[in-house]
Amino acid sequence: MRFRSQFVAYPYFAVALILFGLQMVFGLLLAVKYLGPDPIMSWMPFNTAKAIHTNLLIVWVLAGFMGAAYYVVPEESRTEIYSVKLAYIQLIAWTLMGLTAVIGYMFEWTAGNKFLEQPFPLKIVIVIVMLMFLYNIGMTIYKAKRWTTTEAVLVAGLALAAILYLPALITYNNYTVSIYYRWWTIHLWVEGVWEMIQAGLLAYLLIRLSGADREMMEKWLYVIVGLVFIAGILGTAHHYYWIGVPAYWLPVGGIFSALEPLALFGMAMYAYFAMRRSGFGHPNQLALHWTIGSAIFTAFGAGLLGLAHTWPAVNKWTHGTLITPMHGHSAFFGAYVMIVLAVMTYAKPHLTGKKDESAETSLGIWAFWLQVGGMFGMTLAFGTAGITQTYLERIMGLGYIETQFKIQPHFLMLLATGFIFTAGVAAFIIDFFRDPPVPPSGGAHERGEAEPVTP
Amino acid sequence: MTKRQTRLFFIVGTALFALIFIAMTVDSHRQFPELTNAHLITEDVTEGKHVWHRKNCINCHTLLGEGAYFAPDLTKITQHRGEAYLTAFLQDPSQFYSDEVHRRLMPDPELDDTEIAQVIAFLDWVSKIDNQGWPPRPILVTSGPIGGMAGRSATDAVSNEPVALGQAVFNQPVPGCFACHSTAPGTAMVGPSMAGIGGRAEEIMASGDYTGSATDAESYIRESILEPNAYLVPGQTFSAGGVSFMPANTEDLLTPEEIDHLVAYLMTLR
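Here the protein sequences line up with chains A and B, keeping their order. Quick note on our numbering: the first sequence kicks off at 91 and runs consecutively. Quick note on our numbering: the second sequence kicks off at 335 and runs consecutively.
The set of hints was computed from the structure by calculation and includes no laboratory data. Please read these numbers as outputs of a predicted model, since none were measured by experiment. Warning: the hint list may mix true and false statements.
What the hints assert, rightly or not - In the DSBU-like style, the derived pairs of lysine-lysine whose C-alpha atoms are separated by at most 30 Å in a straight line are:
#  : chain 1 : residue 1 : chain 2 : residue 2
1  : A       : Lys-204   : B       : Lys-462
2  : A       : Lys-175   : A       : Lys-406
3  : A       : Lys-406   : B       : Lys-462
4  : A       : Lys-204   : A       : Lys-406
5  : A       : Lys-175   : A       : Lys-496
6  : B       : Lys-389   : A       : Lys-213
7  : A       : Lys-235   : B       : Lys-389
8  : A       : Lys-175   : A       : Lys-213
9  : A       : Lys-175   : A       : Lys-233
10 : B       : Lys-389   : A       : Lys-496
11 : A       : Lys-309   : B       : Lys-337
12 : A       : Lys-233   : B       : Lys-337
13 : A       : Lys-445   : A       : Lys-406
14 : B       : Lys-389   : A       : Lys-406
15 : B       : Lys-462   : B       : Lys-389
16 : A       : Lys-496   : A       : Lys-204
17 : A       : Lys-204   : B       : Lys-389
Kindly generate the complete structure, drawing on both the sequences and the hints.
The following block contains the structure:
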């Protein structure tokens, strides 16, 4: 850590991790409900628990992104953050918004729109918080009059994420039209601008961890982000299957969804070549695990498993089955959870006043492998359940209820692997909070004013 | 390639495909009214959509295949279940499914009768959206033990015999007899099982409880199809308040010949 104000990332990471832990509680609850019967249905039905599960994810991952940006931007622009106070106010507002949403859902205060359940007043709070964040980051870069491609990609991703949230504020009487624009937010987030954020963070971490040549890394960063959008924008079409839009979205979705893995495999190659060129010499081996892991798991979960059901002739049968959460869980974990945990692991020694070597604890390594293994198992559980469901329900014509009963063994597997994953999350959280945060002293501040040394 | 070139690739590529996307969006808007029957979006449909959102239905069910995967897809539900059934179900779902048998229940949505009518109107509008014929075959809520035949089209009839044609009518998506009536013995899905109906019809008429005007098994089956309320078979999920859950509009959905074939087929189930 070269700049005192980078420390503001710590509370962001802390809040993110606590909400991550809470998300797991609801995830396990949902898996139990799949098995049934459900004795708490009257006060915590599936739909409430699921809204909380997915919203906690969105809130904590975005908190992680913002914390990561507050950590990365000062280093890249070689300056202190414009207003640390604003960053704290923003975090408090964001956390309160998230908790209010979660509690609201328990009392049926919801917009009832998948992923965008936040009631309108909370949506306004989200917009305000995003504006505060962008103002703070924007002023930081503006005052420094210096920016790198890596941080520009990261910040542009976050700015576009805020802009793409705006369609969520408008409602339509025509359900098809409202779904159409819901995907402008959700798809263009997770298969567009969030990937831009991921790519920016990946570039930052690879440059720091491998010592790879910045010029080279940033050159290819543009190619990756370009591929993300070339495939991803029209790839939105795979969400427009069977919802009442013109038929030409079907071939467009098939072709551009098939191109989407290109950028994701590109990211994995990017990490591989950076490492091959420069070696695994960095002392923070755990951060290397998460960084490389993110690039590889993204290619698997988002790339390969996405492609598994985006071809229209396949999707016709799998649409609306458990094949979707198979892809959803592995994609979100690989692309966004792992990259945020990578930044946290990379920054942790600096935030706790330790040496880089200290990050590689055995608990930390356990956290990595339990999460990767658990998520791989959950992906298999959802996948096998989804394939069986597609065959029995969609092809054989067995009823929904009978089919769900027949795939109970897969739900047992889901619950078991979910516990393994949760154990990994718990290990990460314990490992992270084991060392108390050490705010930088005055000396560090002065050092921050000076020109930093290149790593 | 230089960094300047890759930046150009990123900017031009993104801008180009964003423009194509926006052009396709404009064209889609041109077609939305026709594809979605926008003229059928009445005040009830709009209010029903609000009920759908307010009750967070999407986080258990799917609609147009989108949502959660914990409860049945409702895209075509109003084609499989009549309004009377859906109303009674939404008033008290616990009367229809049990923890022991089905393992998965719907909580009481706590809707008043107006809201129920509105959400049914909304779902009925959804069922008519032109969505490229999805699902390719009907997705059933419940099927009994054998559902393999359900949902084939009438052209799948194995011959031109009335019975074969009637079986095809029974299994075709509209009116979707198979969605509520099993042909397996002892399996009541929503309506009574059709197994043995040819023989059972005579027993029912001989029982003394019979209130309709049929004179023999064949006219009884015909009467049950065309006037479901003429005689109500006792059963919790079959009727409420003297009204059968079976839709009374079958006559509008089938030609007289198709009804003849259907009766001929059902008469063979003994």
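Can you name, in rising order, the numbers of the hints this structure does not satisfy?
-> Hints 2, 5, 7 and 13 are the ones this structure does not satisfy, whereas the remaining hints hold.
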